[in-house]
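For reference, the chains in residue letters:
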Amino acid sequence: MAEFISDPVGQSVPRVDAYDKITGAALFTDDLQFGPGLYYGRLVRSPYAHALIRSIDVSKALEMPGVKAVVTGEDVPARIGLYLVDRPIFARDRVRYVGDPVAGVIAISEDIAEEAAQLVVVEYEELPAVFDPVKAAQPDAPLLHPDLGEYKVANFIFPEPGTNISEHFKLRKGDVESAWPRCAAIVEDAFRLPHIQHVPLEPHVAVALWEPSGQATLWTSSQSPFAQRDLIAQSLGIPHGNLRVVSPYVGGGFGGKAGVSMEVYAVAMARVVKGHPVKLRMTREEEFIGTTVRQVLVAHTKIGCDAEGNLLAMETEYYFGGGAYNDYGVNIARAAGYSCTGPYNIPNVKGDSYCVYTNMPIGSAMRGFGMPEIHWGIEQIMDQLAEKIGMDPAEFRRRNCVKTGDTILTGMKMPAIDLVACIDKVTEAINWGKKEQPSAPHKKRGKGIAIMWKAPAMPPNPGSSAIVRFNEDATINVEIGAQELGQGAFTVAAQIAAQALGVPYEWVRVSAPVDTRYSPYEWQTVASRITWSMGNAVKAAADDARQQILALVAEHWDEDPDNLDIKDGVVISYKSEREQPLKGMVIYGLPNENFEGWKGGPIVGHGKFMPTYVTNLDPETGQGTRAVVHYTVGAQAVDLEVDTETGQVEILKIASAYDVGKAINPDLVLAQIEGGAVHGMSSAFEALKFDERGRPLNPSLVDYRIMSAVDAPQEIHGDIVETPLEDGPWGARGVGEHVMVQTAPAIANAINDAIGIRFSDLPLSAEKIFLALQE
Amino acid sequence: MAIHSIIVTVNGAQERLDVPSSMTLLQMLRDKLGLTGTKNGCSAGECGACTVLVDGEPVNSCLMLAVEADGRQVTTVEGLAHDGRLSTLQEAFVEHNAVQCGFCTPGMLISAHALLERDPHPTEQEVREALIGNLCRCTGYLRIIKAIQEAAERGGA
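Protein chains in written order, with the working numbering: chain A, 367 to 1141; chain B, 92 to 248.
Next comes chain A alone, as it looks inside the complex (with noise of 0.2 Å):
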C-alpha cells in the first residue's frame, strides 16, 4: 500500500469529514457554544388559512418573567425573498397560511419562550382560503397577494398581478394541432402529486448575534450562507459586509436548507437584544409546516407518436401549488416548463406552467427542483404510448429520447450526454424482459423502467470562487463556499486540488465551517451544481498556485518551465531530472546563489468560475440560445412484488445508471445512486395532509412515515456513464438530485406490470392499491 493517495480524481478515496462524524466531534449549529448569555426565540404563528389581522398584543407575553422582548411586523416591516420578493419577515396585514409566523418571544430559556408565545394575543377576520392550484388560478378565486404587480422580480420571472399566479412559463415549439391527426397513438391524463418534506434528520436551527455596533453574525444550517447574506442584508436595509453568516456541518438539506426560510428571523429577534445571541430552533412540527415543502403538481398531460413509436406531440398544463409565499417556487415552475418534456425529443410541444398562490405552506426547492413532478406523469405515459403501439417501453426510450446535439425544445443544443447507454445498463442490470416468479402466491411481480433529465436551476450567471494557501510544509488549505451537506462537497474539492495540483491527497484540509467573512463567494449549494462550478473554481485556484510555483522554480533553475511538474508535492524537470520540494518554498520562496536576496514568497492561488453563455428566453415562446448550462440524464428500472392481499409494495431492486461526465470520486457516486433511490422510492408513499382548513394532519415522523432500515430494498445496482461535460472538471456534471427523479414513475410502471392497474395519483398507499384491486 502506498503511505499517500496520488492523482486523486477518478478514485474512491475515503471522505475528509468521515472520522469526525463517526466520532461525534463533528460541530452541527446546534452543538456551537454560546454561553449564558443566550437567549431562546419562539415564533408565534397563525391558526388561520387565510385571515386578516385585526390587532396583535404583546403585553401579557411581555410580563412574563424571562421574556426580554417580542418582535412583530411592526418592528420589521421588510419582504424577503429570492426571485420574487414576496414574503414579509413577519406576517402584518394578514396572514397566508397554517403556520405564517406573526410574532417571535425571545426569552431566557426555550421552555419560557414558548409559554409566553401563547400569552400573545392575536385577533384575526378570517377570509376564504384557497388550497388547490388549478381553483386558486382561476380569476374568482380569493386573492392572496393584492400587491402582487409591486414585488420587485428577477427579469426572467413573469407573475400575472391581479390573479394568484406567481410565474407563468410559456413553451411554444412547432405546431402541435397539425401534429395530432398524424399520431397513431395519443395518451392524455391528468396527474397529482401532494405535499412533501425534506425530512433532514437536522432540523432548521438558527442563531443570531448583533453587536452593539451594528454588525450581525448568523451561525446557521444552511445550503446557501451567502444567498442568506444577500438576501437578508437586503431586506433588512444594511451593508452586506456587516453581516457575517457562518455555517457549519448541515445534517440534511434536500433543498429545505436553501435560500432563505427560518434564518431570518433569527436575525429580525436579535437586532431587538443587542449583544446576546438568540438561538430559533424549529421543532419537528414545525419542520414540517413551518420552514419549506416541495409545492404539490396538478398536471394534464397528452402526448402523442405515430405507429413507429416516434413522439409527434405533446401539450402539457402544469399547476404548481406554491403555497402562501412563492419566493424560490416561482423558478420550480420555470424549470418545470423549460425542461416539459422530459428528456425526450419532440417536434412539436405547447407547454405551460404555472406557480399558483395556495393558502398552505411555502413551497420551495427539494431535491430535484420540479423535475420528479413533471417526470411522474410524463413517464407513465410514455409506458402507455409504448403499449399502445406495441413497442418494449425501454425500446421506446432509446428511439425517443434526448441525444447530444439535438435541438431541444427550447431551441438549444444538447451538450454531450449518453441516456442510451444509461438505459442499456439498468436493463441489463436488471434482466429487462425476464419475468420473474413472485416470492408467494399471492403476491404478483412486476418491472418498470423510467428516464430522466434536469438541468441545474439558477440565475443564468451564479459563481463560484476557491483559494488555495500553502502551510510551510506545504501542506494545503483549500478555502470554498461551498457547503458540505453529506454529498461530499468538501471531499471532492479536496480530490480536485490535490490533482490539479501534483500533491497527496492527504496533504489537503478544507477550511471549514463555511464562513462569509473569509469563505470565497460561492451562490448556493444546490441544482447539483457544486461538482462542477466550485470544482472549476477549485481547479482554476490550484492551477493558478501551480503556475506560480513553477514559474518560480523556472526562474530558479533557469529552465523552461513548460518541462517543469508537480509529482506527489515534489517540483520536477523532466528536462534536467532536478527535484524540488514544496515544503518550505511555498512559504519562504527560494534563495538566490550564495544567499544573494530570494525570490517567491507564500504562494496563495486563486480561482473564480461563473457560466457566461445562458440566456433570457422569449416570454412568449420559451425559445433562446441557451436556457441552461447542461443536464444531466439518467434512468432507473424496478423490481417489485405487490402483496394482493395488503396493497403493500416490496421494492427487491434498484438498479440506476446516470451519465456524472466524469465521477471524481466513484464510490461517492454510488452512495448518491444509492441514497437517492431510497429518498425516490420513500417520496413515493409520502404526503403531507391537511383538515378542510389547510391544518395540517400529521406534522410527526410517526404520522408522516419516510422508509426505514427495513423498507429499503433487498438491492441497489448504481451504475456510472461517463460522457465528458465539455466545461466540468474533467468532465464532471453533478447528479446529487438526479438519483431519485424518476424513481416514482418506474415504481408505478412496475406496478402497472405486476397488477396492470395505473396509478395517476401519488402517494402509492396500499390502501389505494388495495382497493383499486378489488374493483
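In short, the hints are calculated from the structure, not lab data.
Sample of chain A residues with no beta-carbon within 10 Å of chain B, all distances over it, derived: (1) S421; (2) N521; (3) D772.
Coverage of chain A stretches by chain B, computed from C-beta distances (three or more under 8 Å per stretch; other residues unrestricted): (4) 391-400; (5) 560-568; (6) 1066-1078.
For glycine and all other residues, C-beta sits at the position ideal for the given N, C-alpha and C.
Here the structure of chain A is known, so what remains is to put chain B in place on it, guided by the hints.
Chain B only, in chain A's frame:
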C-alpha cells in the same frame, strides 16, 4: 423546579451533576456535559438520532429524564473510540461510506453497537430490524447495514 443531585457514569467517567426534574438525559449530555455528538432530531423518540446506551441498552435519550440515569452507566458516540482507536463499527462505517450528512450516524453507531453486543452474528434482517428506530434520509441504509455486517464478521462492535 426541584433540582436533583445525581451520580452517573458517562463513557467510563463518573459525573456528579445537579439536574432539574424536567431535564432529559439528552439535554444533560449536550448542555451539562458538552457531549454534543448525541443529536436532537425530534425530541419525541421518533428518529433515533439521540440514541445512547444506558447500562448497555439503547435508549432514546430525549425520552429519558436525567434523574433516571442516576447510578447508571451511559455510553455516547464519544465513548466508542478508545485512545484514538476507532471501534470496529466506526472503521467499517468509514470504509463503506456509510456516512453522508452525519446527523444520524451517532445514533446508528450506538444502535449497531448494542446489537452486536447482544448478538455477535445477526442476519441481515436482524440488522435492519435493530435499526428500525434510527431514521436516515441520506444513505438509503444499505451501506450502514453492510458496514454492521462487516464489523460482525471482524469480531464485533
